[in-house]
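K.L.:
In this text, residue positions in the sequence shown follow full-length UniProt numbering: the first is 1, and each later residue adds one.
Calculated directly from the structure, the hints in this document are not laboratory data. Be aware that a few hints might be false.
As the list claims (entries may be wrong) - Pairwise CB distance ranges, derived in the manner of DEER restraints: (1) T157 - G109: 34 to 40 Å; (2) C142 - A112: 32 to 38 Å; (3) H226 - P85: 46 to 52 Å; (4) S280 - E137: 18 to 24 Å; (5) N88 - H226: 18 to 24 Å; (6) G181 - S144: 43 to 49 Å; (7) T139 - Q203: 23 to 29 Å; (8) E186 - T139: 46 to 52 Å.
Just so you know, even glycine gets a beta-carbon here, dropped at the ideal spot from N, CA and C.
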Amino acid sequence: MHLARPRSTRDRSGPGRRPSRLVALLAAVVAVVALTTAGAAPANADQGDRTALPVIAGSMIDSSAGTCTVGAVLVPRSWFLRLTPYQNATRYIVTAAHCGPMYSTVHVGRAAIGTVDWISPHNSDIELIRVSPQPDERTLYCRSHHSSAAFCSPIQTYTPRANGQVFMPSRGRVGRQPVQGTTAPEGRFCTSGHASGVKCVFQPVSLPPGVETRWDHVSAGESDEHDAITGGDSGGPVVSYGHKLIGIISGQTENGHFLLYTSIDQVLRELPAYVLAPTS
Numbered sequence: 001m002h003l004a005r006p007r008s009t010r011d012r013s014g015p016g017r018r019p020s021r022l023v024a025l026l027a028a029v030v031a032v033v034a035l036t037t038a039g040a041a042p043a044n045a046d047q048g049d050r051t052a053l054p055v056i057a058g059s060m061i062d063s064s065a066g067t068c069t070v071g072a073v074l075v076p077r078s079w080f081l082r083l084t085p086y087q088n089a090t091r092y093i094v095t096a097a098h099c100g101p102m103y104s105t106v107h108v109g110r111a112a113i114g115t116v117d118w119i120s121p122h123n124s125d126i127e128l129i130r131v132s133p134q135p136d137e138r139t140l141y142c143r144s145h146h147s148s149a150a151f152c153s154p155i156q157t158y159t160p161r162a163n164g165q166v167f168m169p170s171r172g173r174v175g176r177q178p179v180q181g182t183t184a185p186e187g188r189f190c191t192s193g194h195a196s197g198v199k200c201v202f203q204p205v206s207l208p209p210g211v212e213t214r215w216d217h218v219s220a221g222e223s224d225e226h227d228a229i230t231g232g233d234s235g236g237p238v239v240s241y242g243h244k245l246i247g248i249i250s251g252q253t254e255n256g257h258f259l260l261y262t263s264i265d266q267v268l269r270e271l272p273a274y275v276l277a278p279t280s
């Protein structure tokens with residue numbers, strides 16, 4: 001797991017003396033952990049469907065950097081970029097920038113679904129993955145005129161392999177729910193990582209004093225539950241009870257009490273040419 005170093009604590013013991021053990025322990029407490037994992041995720045009751053297509057917020061993805069979670073699904077804002085059936089079915093998924101290098105291939109299970117297309121140039125923990133659509137079986141489109149024989153030509157259509165839903169509870173069971181827009185956190189909110197599942201245990205707070213991450217534009221949430229999120233949750237959605245996107249998971253502090261995430265406002269500010277994808 002990648003560790004971002006905390007602000008250094010000055011050793012006042014003088015030259016030639018080792019820093020105290022207490023200083024070392026304090027430094028460890030404020031370290032920040034990015035939640036990418038190359039290992040297996042712990043078992044979770046809602047785990048199975050997170051590895052199936054179509055990809056949605058909360059789905060599991062793999063790349064050369066390890067395993068992460070999808071945070072949001074977008075489409076181009078301009079109709080000009082959605083003219084053809086292929087373009088119209090192409091989707092873009094948002095995850096954390098530490099989840100894969102530029103141009104790396106991203107998989108869901110054994111299926112290669114796309115490549116990393118963009119990484120934030122503003123030192124935000126954001127990257128965009130272009131997800132190519134699934135070709136459908138070709139159909140024949142036929143026309144006829146009273147003075148000539150029928151003319152038929154093959155038509156190729158495509159099905160998106162990602163859409164604008166999120167894994168969240170409904171009637172006591174976690175499943176695919178439509179994303180209802182975006183919001184800022186107000187009161188308790190949730191995460192939906194593929195490894196830890198849905199955790200509605202966070203309250204919005206300021207970034208804890210003494211914590212320094214390698215990323216800018218980081219927001220925080222506090223939880224009484226130790227290690228509410230875990231390896232493999234990076235990039236996953238931060239969500240309101242009403243299924244509105246708040247942000248994407250970046251990591252947590254070493255003590256496990258503070259969630260670190262990038263707000264969805266920051267994501268869309270850096271990607272103004274994109275909007276949330278439709279639910280189907």
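K.L.:
Does each hint fit the structure? Answer for all of them.
P.N.:
Hints and how they fare:
no., hint, result
1, T157 - G109: 34 to 40 Å, "violated (24 Å)"
2, C142 - A112: 32 to 38 Å, "holds (35 Å)"
3, H226 - P85: 46 to 52 Å, "holds (49 Å)"
4, S280 - E137: 18 to 24 Å, "holds (19 Å)"
5, N88 - H226: 18 to 24 Å, "violated (45 Å)"
6, G181 - S144: 43 to 49 Å, "holds (47 Å)"
7, T139 - Q203: 23 to 29 Å, "violated (52 Å)"
8, E186 - T139: 46 to 52 Å, "holds (48 Å)"
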